[in-house]
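> Chains as they are written, first to last, in my numbering: chain A, 1 to 93; chain B, 1 to 985; chain C, 1 to 416; chain D, 1 to 182.
Be a bit skeptical, because a hint or two may be false.
Unchecked claim - From chain B, some residues computed to sit far from chain D (all C-beta separations above 10 Å):
1. A264
2. R277
3. E483
4. G607
5. D737
6. I795
Unchecked claim - Straight-line alpha carbon distances no greater than 35 Å define the calculated DSBU-like cross-link-like pairs of lysine-lysine that follow:
7. C:K10 <-> B:K916
8. B:K502 <-> B:K52
9. B:K52 <-> C:K409
Claimed, not checked - Quick list of the computed label-pair ranges, beta carbon to beta carbon:
10. C:K175 <-> B:H984: 49 to 57 Å
11. C:K175 <-> B:D771: 54 to 62 Å
12. B:R604 <-> D:D21: 29 to 37 Å
Hint data in this document are derived by calculation from the structure and do not stem from the laboratory.
For clarity, every value in this text was computed on a predicted model and none was experimentally measured.
The C-beta atom is built at its ideal place from N, Cα and C for all residues, glycine as well.
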Amino acid sequence: MASLITCPHCGARPKEEFSVRGAAMPARPSPMAKDEAWHAYVYIRDNPKGRYQEYWHHAAGCRRWLVVDRDNLTHDVFGVTDAADFVQARGIE
Amino acid sequence: MTSYRLASGGAANRGRSLTFTFDGRTYKGFEGDTLASALLANDQMLMARSFKYHRPRGVVTAGSAEPNALMTIGAGARSEPNARATVVELYDRLVAVSQNRWPSLKHDFGALNNVLSPFLGAGFYYKTFMWPALFWEKLYEPLIRRAAGLGKAVMQADPDRYEKSWTHCDLLVIGAGPAGLTAALAAGRAGARVILADEGFRLGGSMLSESAMVGGMPACDFATTTVEELATLPNVTLMPRTTVFGWYDDMVFGAVERVQKHVATPSPDLPMERLWRIVAKRAILAAGAEERPLVFGGNDRPGVMTAGAIRTYLNRYGVAVGGKVAVFTNGGSGYRTAADLVARGVDVTAIIDARPGSADPVPQGIRVIRGGSVTDTRGWHRIDGLIAERSGFEEVIACDALAMSGGWSPVVHLMCQRGAKPVWSDEKQAFMAPDLGGAFVAAGSAAGFDGLSDCLKDGAAKAHTVLESLGRRALPLALPRVEGEYDASFAPLWYVPGAKNKAFVDFQNDVHVGDLGLAQREGFRHIEHTKRYTTAGMATDQGKLGNINTVGIVAGMRGVSPAEIGTTTFRPFYTPVSFGALAGSARAEHAAPVRTSPLAGWARKNGAAFVEAGPWHRSAWFPREGEKTWRESVDREVLNVRANAGLCDVSTLGKIEIFGAGAAEFLDRIYCNGFLKLPVGKARYGLMLREDGIVFDDGTTSRLSENHYVMTTTTAYAAEVLSHMEFAAQTFWPELDVRFVSVTDQWAQMSLAGPKARIILGRVVQDDISDAAFPFLAAKEVTLRGGLRARLFRISFSGELAYELAVPAGFGEAVADAIMDAGHEDGICAYGVEALNVLRVEKGHVTHSELEGRTTADDVGLGRMMAMQKPDFIGKRLSTRFGLTAADRLQLVGLKPVEADKEIRAGAHLLKDQAKPSLANDQGFVSSACFSPTLGHFIALAMLKSGRERFGEKIIVWDGLRGTEVPAEVCPPVFVDPENTKLHL
Amino acid sequence: MRYSAYSIFKQALSGNRLWTPAWREPEPKPHYDVIIVGGGGHGLSTAYYLAKEFGITNVAVVEKGYIGSGNVGRNTTIIRSNYLLEGNNPFYEFSLKLWEGIEKDFNYNAMVSQRGIINLFHSDGQRDEYARRGNGMRMHGVYAELLDREQVRRMMPYLNFDHARFPIMGGLYQKRGGTVRHDAVAWGYARGADQRGVDIIQHCEVTGIRRENGVVTGVETTKGFIGCNKLALAAAGNTTTVGRMADLELPIETHVLQAFVSEGLKPVIDHVITYGAGHFYISQSDKGGLVFGAEIDFYSSYAQRGNLQTVEHTMEEGVSLIPGLSRAKVLRSWGGVMDMSMDGSPIIDRTPVDNLYLNCGWCYGGFKATPASGFCFAHLIARNETHHVSRFMRLDRFERGYTIDEAGKGPQPNLH
Amino acid sequence: MSINLLHRHVLEDYISGFETDPNPNHVAVSRRPVIFSVLAHRGQETAVAEALGSAHGVVLRFCSPSEWLLVSRTAGPATVAGILSDIAGASFADQSDGRVLMTISGPSVRNILGKCVAVDLHPEVFAEDYSANMLFCHVAANVARSGPDTFEIIVPRSLAGSAFEELLEMGREHALTRGFSD
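Please model the complete structure; the sequences and the hints are all you need to start from.
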């Protein structure tokens, strides 16, 4: 994972083409949500050891935001999806 | 003569003689020599001093694991410290100098440490040098520092070039010995994209050093023939002189190629070294095995070498390391060395075999002491004898070299760099490569095979397996017949009891068996603790030679299996890599790309001084004849803008084109102020917050048509803002139809500011730009005289009547020239970012000096911009937290010095009048300060506790760093034209 | 056994055979007053100060590996107190003062070497930021100097002054900054704590936190249940994993930071230098190795290893700053697992669970904090009240809007 | 007054005065190609891609599933803008002055580009007419294969000098020459 990310639009690309934002969970709360939900969204992190979904931006490529589904201990990658698809799937769940 | 060049034999090119120097003396060697082989050929066995005790040391290996023979190679800016003589390829006029000795290699004062060694055991420095406290830094530490270290870095800029390259393959084969060659051949013939990399300058690995016959020819010739065939295959890339130093995620390997390290006069068109990132679908590690030294008393004496190294010097380089060689072994390697020596006419005085018996063939007439051991050696700069012991009887055996063989360790380093641990094998008495699931496998002796024929076979077999997993089929390889191979098996012997002298496990760091025992006694029992406490394995060879003995010895002391002790962690780099190779071409002025403004040429013509602004070079001021300081130029520019007009390059601002039916809604949520009602043809200042309610960036956005906007961002945050918007569009509000593209590079943008701006601009623009037709905040496409389409925005950072004109970048210079011509009669000047900064401070406009990642909109007086009635915008919810709205927050104010001639500088802090400087009394800080030529004194913007309630208060601007305290009056932050009359002229 | 030149002399005469273990290897007792989870620098210093300063000696430090196996043994050894914000500056200054007396304090030579640290600046804006920081330090009585380009050149003539992409304009210099031998810190605290009765229990992994009626009663470990009156977490990169056992929700994301050491060289770099146009920092150890690093790898990771691109970037910055390094060789790289907090500053606080205490969020800056972190944490555990220098390092500061955002980067941990 | 509309190429200073007869490995810079960014709106990606694919006199460079660069060396900007205006669901921006187009060709082109990009340019992987955005000499660029040994590279104008300089440096080993193509 740390050397190459396979962008669903561009193929395998080196790390330097990307910037990383952080955890892809949870979703941005609704404007009406409680303060606690907003606090948790902005500041609290699950930070699991193991499987983890993370936002990566293919800044020097297609400029799409991606979600890299990976293991943060072994650095194995399970899949890379366009963030819009991820958000849509999360919405359905 | 103790070591010497044989009359014939070896692979060095005897037809080409090379001259080199070592410590100032001139020697001769041959092309194809290493520095070590050439020194040995000249009977120079003493090559170095050890790190701690400064003991005399010779070469102990013939490869990259060498712990002793480190030298400084080359002169001046090209000198390289800590080069291993065993891998330095000899070239003509090479200059080598020994290290870590004074005054000379032969006579080194540091050897006093050797006498003091009982007091300098492992970790002694943790227990002393504590009293008196001051003495550590003033006395002890400087002494220790001077004594420590190895070679000298010259600290001059490197005259040579470096570069980096990516490459991709189906199969990377690491190591071009028997297994590597057959693996590459099998895969290459099958049509796979193969890279064969080897750290040596000649491909062939151990076959270059062995006396066996392969396929009816000497092993060395067989290797050469195979390499020649590989070279004809277009899908095979041979990479000699290339060390694969690291295995990283996703089957990316780091490798360094020494392109010109062996060249007397480097070509300027080639790099000195080249860094490769190799992306391999599969990889085979065929790095061979490392021969273990034996741990016995006096095992570090110059002339004590591994048995394999002695064979390499003999067979590959035609060098006898001694005239009378003794052998101490626990396996077949020692016997093979004896046989090879005898075959070349070198005396072998005895073979001491630690085992009671073995089937290894003994060369005729050579005495074997079975079940014996070596307990000590004699000699100082070179071994001159050893003490052999058997069944309690000792004898002195004269020798001038000693071959030792403690068995073999597969070289599995690379396969353990990503977390997998090597696996102990009782059968092999060695740590073996971990099972990594097939993408990366070991072959040959790296996989634990002993014999040459097995290694040849295993290489081909592994290639077949690997190719199959890639869906390729390889034809079976006809393997050559091997004659005269030897049995490399051995019985374990971690250390030799009864040592009468220090028995070293880590030669370079001078760690001996006693140190390991001390570490155990003191509780440093975990192998990582043992390592860190004794420094075993922390030298430049990273324990390639000694770590296995350390593990074995510690296991013995603890009465457990080496499996239970385990190894320390294998980490990059396999062998040390130069900073230069890893940095590549990104250095000096090329450390990072430069962004050039389309108006750079215009600025240069007008005499600009440039300044780095992130990636950009920006025009800072435009000195004119007679102006002695930058301030004179800037003052003139500012006054001229306020009185007449000035032209400034603002092309570096981020420019983002925004399209879509959802764009208005999107902007309304991205900015904290309202954007839904922005009319077509108008620009609006906008403030973006982070989700935590802190200001992120500011800029203007103009609506060019119903669903088409153009946004400007600050120069510094252009990339971040675009990423942020892309993120929001994609993940927050995917339902909004909005698209972005950066057009920063498309437009040359210039700000024309000053009371005469309209008159001047009117001479360049065809359209009606009267105040009525083009009022403040108008934003429209216009046509320039000459027909060029451009974008014009009536916005102002300076507080003057001002326009920003954007034209296609290629025309920027022409248009800027035209404006300067058009404005000549009205006194136009070029002005730079320094004057721009003064103008904005005078006007109280904030930049990232104020918006520094901790300020809210309200802090900088823009709180009323936040349209809290909007259902949602980024930063809305968290902006109302208690701490972000507290009354004692720092707020933007202006400052005027009470005495007009006093200077206020940014970075100063604020104190109440009469208050003493302390954290408790700290009232805030000066964020921006400048001399205001308009007002004739310094002015500043500052962040002051509850600042807006304190206008009129006298405070102290405290700059302890620069030793000034300036009384100042707190005032509103707008110094010039607070009523904004000039904007609407 | 007390360490001294005399003890070395005496032991040498008996062949160094009579040295005794630096710490015991006890089996855990059924119950302790305080259990500290994490045998790194912070956990060990907490135990040491609990025993020495607050008289609480019935303490266990439980460590899943060997002591010092975390970040205290894999950092770049820098100490300094050149912080900007009120929430940080007094704390780190307190820590630096503790460093200055540490060897006598715990009778172990950790080789505190105050060789001076310089933060180089490369633009007017950066100079102003550093001036603000330096003046903040001076206000707190912490000496700092703002050096101009020529002053820096005289001190460090080998830096790239003439062919730099980002020319050096000057630097903020703290003479009292420097380096400390990192392993010795863990060992010195461990030995000091052990001598005062603290049980250091290695190879003992916490697998659960037992609670009854909202109060912690002890920990489940690979060596069985161990009871306690108070439980203190100092688990760095593994804070979330342990915290989850008590249902803590934390503002922490775990990242990897690489560090590097070169081959041994004769002394060439006397100071600690940080590059203002990048993240590169470097010093030279007493052994001669150049110890250096740069930025984190940017993605969340629990692996103690990094990627090649970051390695290369680090070297690019290194050679850009110090051209003479080009032909020197880097020997080894490694990775440390960082508990990055959401504002880049640490947390020393109580938790929603009574008698459970938290020490985390050190990001990549925890080493220099080791003494003060242990002292303040011990203070909190012993007295149930916050030490005044750590009073801003609260867990609820995010909710209340009182973040300590030294870098001004907001709630994205990999930017701090 | 009328403005003397002299157009200036950003690589003028890097090329004029350095021209030689092209070697086998050569990089040629186009003086004034027409380059547009094209964006497909939500749900229109396929339709826009199809429409762009059938446009004449232009070549299409892939940037993302909803973004392309449209390049023409023959048609004028007005013509291209006209074509694009007719495509429903597309927005576009003229980038002709914001992008620099260079063509590198020769027997060593893959060796040279290996030092500039991370992507595997083997013809089985990166075939003719394939294009994508990628880092090229530390700069975000678009790279397309236009022939067996020919690649077209589009870089942002402000960074073109840096990228071009580095390309030349990486080409030294293979005697890379430079020039304008027209």
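> Run every hint past the structure and note whether it holds.
To see whether the hints hold, each was checked on the structure:
Chain D leaves A264 (chain B) outside its interface by the beta-carbon criterion, the shortest separation being 19 Å against a cut-off of 10 Å. For R277 (chain B), the condition that its CB be more than 10 Å from all CB atoms of chain D is violated, with the nearest at approximately 7 Å. With a closest Cβ-Cβ approach of about 41 Å to chain D, E483 (chain B) is found to remain outside the 10 Å limit, as its non-interface label requires. At the 10 Å boundary, the C-beta of G607 (chain B) stays outside the reach of chain D, the nearest C-beta of that chain being 18 Å off.
A beta-carbon of chain D is positioned within 10 Å of the beta-carbon of D737 (chain B); the least distance is around 4 Å. For I795 (chain B), the shortest C-beta to C-beta distance to chain D comes to about 21 Å, beyond the 10 Å cut-off, and the non-interface label holds. Restraint check: the Cα-Cα separation between K10 (chain C) and K916 (chain B) comes to about 54 Å, which exceeds 35 Å; the hinted pair is violated. Using a Cα cut-off of 35 Å, the hinted pair K502 (chain B) and K52 (chain B) holds, with the two alpha carbons roughly 13 Å apart.
Only pairs whose Cα atoms come within 35 Å are accepted, and K52 (chain B) paired with K409 (chain C) is rejected, the gap being roughly 46 Å. The given range of 49 to 57 Å is respected by K175 (chain C) and H984 (chain B), whose C-beta atoms sit roughly 55 Å from each other. As the Cβ distance of K175 (chain C) to D771 (chain B) is approximately 60 Å, the hint placing it in 54 to 62 Å holds. Remark: the range hint 29 to 37 Å for R604 (chain B) to D21 (chain D) is upheld by a beta-carbon distance near 31 Å.
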